[in-house]
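A.B. asks: Each chain, letter by letter, is given below.
There are 2 protein chains.
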Amino acid sequence: MLYGYNGKILHVDLTKGTWEIEEPGEYWYRTYVGGSALAAYYLLKHVKPGIDPLSPDNVLVFALSAVTGAPVSGFNRYSVAAKSPLTGTIGRTEAGGYFGPELKFAGFDAVVIYGKSEKPVYLWIHNGEAEIRDAASVWGKDNIQTLKMLEEELGDKRIRVASIGQAGENLARFACVQNDLEHYNGRTGMGAVMGSKNLKAVVARGKNRPQMADPDKVKEIRKVHNDKIKVHPPNVALNTVGTTGLIKGLNDTGILPTHNFRDGTFKGADKINADTYHSTIFESKGSCYSCSVKCKRRVSYQDEKYGLDVELGGAEFETLSALGSLCEIDNLPAIAKGNQLCNLYGLDTISAGCVVAFAMECFENGILTTEDTGGREINFGDADVMIWLIEEMAANRGIGKILSQGVKRAAEIIGKGADEYAFHIKGQELPLHDGRGKSGMAMGFALAPTGGEHVECPHDVAFTGNDVSKLSAVGLLDPVEPLKTDAAKARFFSIGQKVWQINNCYGICNFCSVPIHAMTFHQLVELIRAITGWDTSLFDILQVSERGTVMQRVFNNREGFGPKDDRVIRRWHEPLPDGPLKGQSIDRRAFREAIDLYYELSGWDKDGKPTRAKLIELNLGWLLDDEVA
Amino acid sequence: MLYGYNGKILHVDLTKGTWEIEEPGEYWYRTYVGGSALAAYYLLKHVKPGIDPLSPDNVLVFALSAVTGAPVSGFNRYSVAAKSPLTGTIGRTEAGGYFGPELKFAGFDAVVIYGKSEKPVYLWIHNGEAEIRDAASVWGKDNIQTLKMLEEELGDKRIRVASIGQAGENLARFACVQNDLEHYNGRTGMGAVMGSKNLKAVVARGKNRPQMADPDKVKEIRKVHNDKIKVHPPNVALNTVGTTGLIKGLNDTGILPTHNFRDGTFKGADKINADTYHSTIFESKGSCYSCSVKCKRRVSYQDEKYGLDVELGGAEFETLSALGSLCEIDNLPAIAKGNQLCNLYGLDTISAGCVVAFAMECFENGILTTEDTGGREINFGDADVMIWLIEEMAANRGIGKILSQGVKRAAEIIGKGADEYAFHIKGQELPLHDGRGKSGMAMGFALAPTGGEHVECPHDVAFTGNDVSKLSAVGLLDPVEPLKTDAAKARFFSIGQKVWQINNCYGICNFCSVPIHAMTFHQLVELIRAITGWDTSLFDILQVSERGTVMQRVFNNREGFGPKDDRVIRRWHEPLPDGPLKGQSIDRRAFREAIDLYYELSGWDKDGKPTRAKLIELNLGWLLDDEVA
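Protein sequences, first through last, are from chains H and D.
Position 124, counted from 1, in the first sequence is what my numbering calls 124; the numbers after and before it change by one each time, with no gaps.
Position 337, counted from 1, in the second sequence is what my numbering calls 1337; the numbers after and before it change by one each time, with no gaps.
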């Protein structure tokens, strides 16, 4: 008996217009579980090395896990994965909301999509059946219009829709996938992959809740968990101000990314911080399926230029910093408007902000001029320019045609040394963190299989600020120094990454997960046991997590990525020019040594490739039989 | 608050006649926990490479753990460790009984003994105090006499005594340590180390039971555990016939060691099997502290020559095979008598039987003759000769002077090609298993840090015969083939060893442990959590286990042991000459490849040395600062 799952994977061939159902069995589910690991399995099986990510050869996976849709705070996330058109690495990005649980209730644990439809279509999944439907009417429409029209067409207000806007249709390389207008699989350009397949949306509706092994135990832990969330300081803070509190925290520490990652403090920080946010544009709290944290923000603002739509969600920390401090913009309604435009058209706000800041710094240095922009100046601090550039990128217009390719490709097209200001890792723009103040996070950025990404490992401060007894379950007895890059940091990261990647494999929200937030490792094990009925353990769970990381690494290795790509941006090796951490930088040699030690700690060879022994250890021996190993 | 422990380590300097108490703190306890890991810590700290194990430079450790003395079946074992005079590797050997818990209640978690007393002494440990007392009166006495005289001298019938007999005093290299005349730290010659220090006994008595974090939870799991023991087939079998059932089982399979490990079936097996045993010499069941398995046998037999003493315990499987099938002796009372003489004088029965079989095969091949033996023929099957040789070895007399050095040294002394018949690994004689029928067990023998030893990993059949869902907690989803030596077997062993070594670190009896017997991994974690109050996990527990293995490996590496020593005996590479598995052997090349893969799986280099990364991973970075790494 397979608890927690439907036991069914939907495979859709858009070229042929057909679908079929696979029933992989418990052994397979225990091995790959869900999310990033499950998705990596199909990508390794079906994506040939070297393919164009925007060609029909790419494969797109929507992946849930055993726990998706369990009635527990934070157990609602899902992964969307494919080869990334932004990076050429594995692309993968998680979102919360209600779509993941609904897809589970609609009868499937994952959807694997192959080929390309001749004409725009959407996928309608309901009660164990699938239908490939014509999307001509919604093609070219934004995400709000798409949602409304599909609700009307299907005659059901309770459908859940994962869709792309015009940016995805136009193949902007950092186009995202949205659900319910508030939740985003933001990163690595999965929206462009949908666009390239002429797939406008995946729509789910269903009533089949897979049975859990021990529903009473789940309820019992859920209660303990929710009670903790009410009092555990990080969860309380998330409930009160969402993630916006980080603006002040990071600025005070001196590591709020500012001026395209040059500076660590922003003089306009007060104007975009949590206090300002909640006293001006804040409308109400939003949530995800069955979650009591309620970290989401809804916003409203009456203004001709920067008017906000409560349906489209409010900017979170990453966006506040990307469209704000990074571009030195302190106009909060404008930032919130930029966020909503990204949401409407389906652009990743992190990459969008980074691209705008890149363009501004190019302009500042005469690399881009008014000749390139149709006469418009692109200066740091100019909110209107930021909004205009978002419109141009989504529409694939003017300078937007170049910038929508991401900073790496844009710099190549622009030339003239623009790459000096194109800050990315493996081709992906950076989330809004400054590694100079937290070297474990820097390692996470360098080693994320998807390129510059912040969900690879909890950052040093969060870990050290926590109760040591909680971390002892994974052998972390010593606090680490955020500013140090040494062997202890490599060890910390190696373990921390295994811990954090549990979330991406199991589809658990970081904010409800161990170690930063309310849950303990023991509770997590108990919950997964109660949901699945498996005699699992933290050892087993961490091995699944490591399996996911290793599979993604193998994917990237066969695409040609290696040690040279496991790096951070040059600016983090340069001293912070101002603020409390003035002068702080990451030593290049120490960082390289830490990365090399991480390889060793991971059972990877000097070329950053998982060894034969590591693949055997993780039951991935099948990867040895093909050209990968 | 440190639960489960006294928080005190007793350090005794026999040269100076002084003792002091160390209080290492929780961080240290969480890192080294107990048993083999805790002992290895002190040996790495205090035993200089290259020392003579029988010199005052050796250090002897009695080590308990957090769970020793918890009122749970099987939680009563302790380790005795030092550099082994038999092997030159780390020496270490576990025993059950009542001594471990009593030492805990006497106020200490471990005793570390340095130097050498000028004259015979014993150590009297009671209620948090220690006393080094004169042992002149008991020196030269056997284990029964010693126990009785110490009880009288201390005026307490409830003392618990770990003592050596004449064999230890005489420095027989496989002399053992006994407690309560029924329980033996049998292997690696720890009795000789005690003898070399003029230490006759360690005596414990105390009433201080360390507090457990959640006594009610312990009671609850204890009940579940004990209820399972009553019905779980392996435990039921152990209760009914002890380990003696293995004689028939292994003989039927064709891997009962016979004729000095040449054959796999013994024609006299029926005469020494469980049925015969229980219908002739069996008197009653014996037990260890708080254990409901009761696998111990007490025996009695009225006979002038082979009369048995109920106080001295009955032979278990290993002894039945060592003194029986291995020597082709089918006289059960004689075997039981040989066992009791070993117990009385303090000789390890496994090594004793192997040495006798070695001598017999040397005699069979004209390498030993009546000239060497004072006129006596040493033929396979001769029970009187077996008993005579035990007497000679314990007394260090005649041919016994040579044989008491173990087969490796004896063969060197005898010369004439005697080493062809000296079956040992790293100098230690083999427990009674034939690797040709279970290659995972063969890997365990090859890789045990103490040399030929069977408590390194549960053997293949036991693992495969078990419920897969139980093993899935450690990622073992696939059954393994007992006869195959391949990558899957190396993986199985690598994980299985980590699992099994939990027992030696935590002092848990194999018969009450995961995976063979009643307990599940989940219960084990729950129990350790309830006893210690630590937020531990199976990941953490397995890391402690691996830490123990790695520390022992480092100890051996610095003594010069390496890949050449990680091998099995030549006979296992030769076809079994008879029985159901006739023709079966272990392929040399496949075995070497499996060992090499195991190194890789373990994070050891090609020289079988734990890498710098592995030491850092396990928080053993301090080993990098000295000459070891």
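No lab work stands behind these hints, which were simulated from the structure alone.
All values derive from a computational prediction rather than experimental measurement.
Think of the CB as a built atom: it goes at the ideal place given N, C-alpha and C, for glycine as much as any other residue.
Be a bit skeptical, because a hint or two may be false.
Claimed, not checked - Just the calculated beta-carbon pair ranges, DEER-fashion:
(1) H:H46 with D:T1611: 31 to 39 Å
(2) H:D216 with D:K1230: 35 to 43 Å
(3) D:Q1211 with H:Q211: 20 to 28 Å
(4) D:K1045 with H:S585: 37 to 45 Å
Unchecked claim - Stretch-level coverage of chain H by chain D, calculated; a stretch enters the list once three of its residues show a Cβ under 8 Å from a Cβ in chain D:
(5) 26 to 32
(6) 93 to 100
(7) 272 to 286
(8) 490 to 501
(9) 517 to 531
(10) 598 to 609
A.B. asks: Decide, hint by hint, whether the structure agrees.
C.D. replies: Cross-check of the supplied hints:
{"no.": "1", "hint": "H:H46 with D:T1611: 31 to 39 Å", "verdict": "holds (36 Å)"}
{"no.": "2", "hint": "H:D216 with D:K1230: 35 to 43 Å", "verdict": "violated (27 Å)"}
{"no.": "3", "hint": "D:Q1211 with H:Q211: 20 to 28 Å", "verdict": "violated (42 Å)"}
{"no.": "4", "hint": "D:K1045 with H:S585: 37 to 45 Å", "verdict": "holds (39 Å)"}
{"no.": "5", "hint": "26 to 32", "verdict": "holds (count 3)"}
{"no.": "6", "hint": "93 to 100", "verdict": "violated (count 0)"}
{"no.": "7", "hint": "272 to 286", "verdict": "violated (count 0)"}
{"no.": "8", "hint": "490 to 501", "verdict": "holds (count 3)"}
{"no.": "9", "hint": "517 to 531", "verdict": "holds (count 5)"}
{"no.": "10", "hint": "598 to 609", "verdict": "holds (count 3)"}
Consistency note: the structure conflicts with the earlier hints numbered 2, 3, 6 and 7.
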